[in-house]
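Engineer: Chain Y: place on chain P using the hints.
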Amino acid sequence: MTAPFRTAREIRDGVSSGTLSASQVCRDALDRISAENPSLNAFLHVDEQGALARAAEIDARHRDLGPLPLLGVPVAVKDNICTTAMPTTAASRILEGYRPPYDATVVERLNAAGAVIVGKTNCDEFAMGSSTENSAYGVTRNPWDRTRIPGGSSGGSAVAVAAGLVPLALGSDTGGSIRQPAALCGVTGLKPTYGRVPRYGLLAFASSLDQIGPIAGTVEDAAIALAVIAGHEPRDATSVAAPAPDLSTMENASLAGVRVGVPRALLAEGVEPEVLKAVESALDVLAAQGAVLHTIDLPHSRHGIAAYYLIATAEASSNLARYDGVRYGVRAAGAATVASMYEGTRGAGFGAEVKRRIMLGTYVLSAGYYDAYYLKAQQVRTLISRDYEAAFEQVDVIALPTSPTGAFPLGERTADPVLMYLADVFTVGANLAGVPAVTVPCGFTGGNLPVGLQLTARTMDEGTLLCAAAAYQRATDWHTRVPPRPSSS
Amino acid sequence: MSSALAPEEVERIARLARLSLSSDERDLFARQLTGILQYAEQLREVDTSGVAPTSHPLALTSPLREDEPRPSLPRADALRAAPDTDPAAGLFKVPRVLGA
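Taken in order, these protein sequences are the chains called P and Y.
The first sequence begins at 1 in the working numbering and counts up one residue at a time.
The second sequence begins at 490 in the working numbering and counts up one residue at a time.
Read the hints as simulated data drawn from the structure, not as lab findings.
Don't take each hint at face value.
As the list claims (entries may be wrong) - Across the chosen pairs, the derived CB separations fall in these ranges:
{"no.": "1", "chain 1": "P", "residue 1": "T337", "chain 2": "Y", "residue 2": "A565", "range": "27 to 33 Å"}
{"no.": "2", "chain 1": "Y", "residue 1": "R501", "chain 2": "P", "residue 2": "E393", "range": "56 to 62 Å"}
{"no.": "3", "chain 1": "Y", "residue 1": "S561", "chain 2": "P", "residue 2": "G411", "range": "45 to 51 Å"}
{"no.": "4", "chain 1": "Y", "residue 1": "G524", "chain 2": "P", "residue 2": "P486", "range": "46 to 52 Å"}
{"no.": "5", "chain 1": "Y", "residue 1": "E555", "chain 2": "P", "residue 2": "G447", "range": "41 to 47 Å"}
{"no.": "6", "chain 1": "P", "residue 1": "G411", "chain 2": "Y", "residue 2": "R501", "range": "31 to 37 Å"}
Unchecked claim - Here are the simulated SDA-like pairs of lysine to any residue, each with C-alpha atoms no more than 20 Å apart in a straight line:
{"no.": "7", "chain 1": "Y", "residue 1": "K582", "chain 2": "P", "residue 2": "V330"}
{"no.": "8", "chain 1": "Y", "residue 1": "K582", "chain 2": "P", "residue 2": "F444"}
{"no.": "9", "chain 1": "Y", "residue 1": "K582", "chain 2": "P", "residue 2": "A335"}
Cβ coordinates follow ideal geometry from the N, Cα and C atoms, glycine included.
Chain Y on its own, in the form it takes in the complex:
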């Protein structure tokens, strides 16, 4: 843990998160994320040896159901809110993925 986040580190995280940041945002987040992580350092005081992590407050098991076909969201409804579609083909459209 510890030490201030460098702007390059902030850029690396932004790339992982698919976020474009302005240079002002990059500098602001470098400072603020450093402050939040410093606050979180307090967890190091807690002895957690042998303590199991909690990922979920309930001891749930995955519910199972019969694998039977049933109606689901109609394709036209699923496409309706999208910014760019080809309704006739029933597809979402995006910019070039390969060879870009």
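The following block holds chain P by itself, in its conformation from the complex:
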């Protein structure tokens, strides 16, 4: 077996104790990016000089800086999160070259924690997609099979970690955009509780659903990152002033007595047999470790995709009204009136999926359709949330596949929006209910494509969630597998 990549914790400990040089770690990451990014296209921008300067500063001052949780750790940030040091385009033409005037809160917190932000990662345009094929700057390829999609929308972040370019990346998750690509690339991805991580500086897609979270090689690294980025932020009105999750017991956490709910009815159709087999094996591991499996019912979850795509697009149509060619971004030339300038700028600047979603959202909010679509979807959302609340009276965590399939071939679903949306069938529930969920690698399909196990827990209970996931990872070695090296020709 190939040695797994160095974890964020190992780098942090090495740099803190002086046995590792942050500059060397940074140069290694930049070298791997130079070698691999031309074929993977995980990064849209790399700040080589800034990262090396920052790493040199850390090497010079690490004794004064103290025991920072991400000291010297190279980190990648999804390109829909504002950075002053690099462009922030959300993979859209309409923001080509855009340099925000401020850093997102999570970026400030990464920097304060000693991280070295090396670059910005590719994604579906404005985080709208499940395959990273909607980027205006080219597709990202799955390192396990470069003819296949990496998942999305945080595909670049998942690939950057899976291919060992960086040990840690941030993504955003509106309907599965952290968990689904993490699962399809064989890494760990966490969507925290809604409100746990501030979104100041995240380009808004659907404000009642969006949440920032980490993608990492291990649950432990994801937990370290969560502790850094979580916490109340007055500049985000939806940020919650909740106590930090208790992760102190994670290292020795056990699954003994943990009640795991399995919504069996949801697994009855639409799941690839090899995915189901890997997830069943994972459930066996949980049980062997002392977890108690319960069959539960989430009766309204089968309507999750329909409710999600009406709510998310409605919110997106409002949020994306700000891209009008006035204050930032690219303006279409030659318009004689302000109205034709708006229409031309948006028509030329947005890609097909973004336009499709703005159109759908505008339609469902328009006079005469609001009650039938948007209001109805919000009521179904209430029922989906109640299902989770009822389930969590019986169990501590809920287990599901993260994705119903392994990574699909590039181009397979681009012509069929509904088929593409169904990739999110197991992930949208956590966003609609606002609860935290994590994906961990749990096996492979016959074609050597990674499969993810998704665990979900109660609101603000990342402690239970990550302890269970860490205990699973201690009992298995799926997370130590690395994708095949590209054949050097």
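Structural biologist: Relative to chain P, chain Y alone:
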């Protein structure tokens, strides 16, 4: 609900959304949006009588703070990324709005 979206309806939505569409896009979206809305028809099966809508997963109240002046984004920084400005006057420039 139901029934296919006519191209004229797609044009009406595009105008509301301030999006210029090519005729190919208009026809494609008429077909695809119809398909998505047909998929969403399944929500009609769900009995939602008396169910309150959820607009937000948290029961948040608007946070309040003291109304005290404090530094905010400098005007020059706010103008820096704009496609067309009058920096001396500190303004964003746009094509004619009135009398066009």
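Engineer: Confirm or reject each hint.
Structural biologist: Hints versus structure:
no., hint, result
1, P:T337 with Y:A565: 27 to 33 Å, "28 Å, holds"
2, Y:R501 with P:E393: 56 to 62 Å, "47 Å, violated"
3, Y:S561 with P:G411: 45 to 51 Å, "46 Å, holds"
4, Y:G524 with P:P486: 46 to 52 Å, "38 Å, violated"
5, Y:E555 with P:G447: 41 to 47 Å, "60 Å, violated"
6, P:G411 with Y:R501: 31 to 37 Å, "32 Å, holds"
7, Y:K582 with P:V330, "14 Å, holds"
8, Y:K582 with P:F444, "55 Å, violated"
9, Y:K582 with P:A335, "13 Å, holds"
When held up to the earlier numbered hints, the structure conflicts with 2, 4, 5 and 8 and fits the remainder.
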